[in-house]
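Q: Those sequence lines, one after another, are chains A and B. The first sequence runs 1 to 212 under this note's numbering. The second sequence runs 1 to 90 under this note's numbering.
Treat the hints as calculated values from the structure; they're not laboratory data.
Here are the simulated DSSO-like pairs of lysine-lysine, each with C-alpha atoms no more than 27 Å apart in a straight line:
1) K46/B with K151/A
2) K72/A with K43/B
3) K43/B with K151/A
4) K72/A with K101/A
The structure displayed is predicted, hence computed values, not measured ones.
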Amino acid sequence: MSIGDLEKHLGRVRQLTDIYLAGDTDAFAAFGELVNLLLRVTVLPGPIGVRLTAGPRPRDRMMVEGGLARDKDVVRLSDDRFLRVSVTLFREPHESGHRMKVERATYQYQLDEEGNHWVFRYDYVRAPRDEHPASHLQIRGNLYENVRLHKGLLERTHFPAGRTSIESVLRLLLEQFEVPPSTPLEIWRPVLAASEAVFERIAHRPLSGPVA
Amino acid sequence: MGWVNVHLNVHLNSAPALAQARGMMELAVLELTRGEILTRIEKSAKQRGLLYSAPELVRAYRDGRLDETVADVVALAALLPDDDPLFVRP
Chain A
1 MSIGDLEKHL GRVRQLTDIY LAGDTDAFAA FGELVNLLLR VTVLPGPIGV
51 RLTAGPRPRD RMMVEGGLAR DKDVVRLSDD RFLRVSVTLF REPHESGHRM
101 KVERATYQYQ LDEEGNHWVF RYDYVRAPRD EHPASHLQIR GNLYENVRLH
151 KGLLERTHFP AGRTSIESVL RLLLEQFEVP PSTPLEIWRP VLAASEAVFE
201 RIAHRPLSGP VA
Chain B
1 MGWVNVHLNV HLNSAPALAQ ARGMMELAVL ELTRGEILTR IEKSAKQRGL
51 LYSAPELVRA YRDGRLDETV ADVVALAALL PDDDPLFVRP
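Build out the structure end to end from the sequences listed, making use of the hints.
A: Structure (structure tokens):
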């Protein structure tokens, strides 16, 4: 990898960001392409990244999902574990055009394709229907100390997490879970930073729970 | 490394550059029918130990009888039109 590769990746991040911010019908594809680029410079060992999943209303609502199999929403990572990626996107009118927004997102690190052995999980729901934080972290494990937990389980406890970007999840996997990186640090760090900077500027930031 | 400078140097926010960038997109697209969406919802529900049909699950979630832990299971239902029978009370 060279400085040329970095320039190429950063240029592509900017192009795809511009397209999804424009909110046209190709915004979904641009966001998916961006996620694939981020996965490929960080944790993907092979070519299979995310895909777009469409139903009967593809112009205004689509999903970006892990594309390992037709009926699954995971990608295989370079540590032979899996990341579940499931993001529901929609377009809505804004001023004279449209904007693409995230309706809900899930990023889950797991040991198996099915997700029975998951490790941590970030969820975001734009319009939550219960008291849990709209953006939260769950960890599947045990606490050393004896405290009362939601439904008695740490994994059912919803820690408010602020809005979490896929860039920060990928950084977490590389820096804290030691997933082997696909490119040198001099490439993946600036690429993640460039993309995350845009997310931080535009992301919807919900309260940690209901007002009343 | 001055990556910020690199970033600025390659920013091509012009109409021809964006048109070219649009042409370079090659993401795989999976198109699901209504039946395939319902099948996937039921399969995900079963994996979570939820013994609901897809319509029962989606209605229970929308009525607030199930919490956000199933939001990702029913997420595919968002790909259906608002007037789909799934969203209409029997």
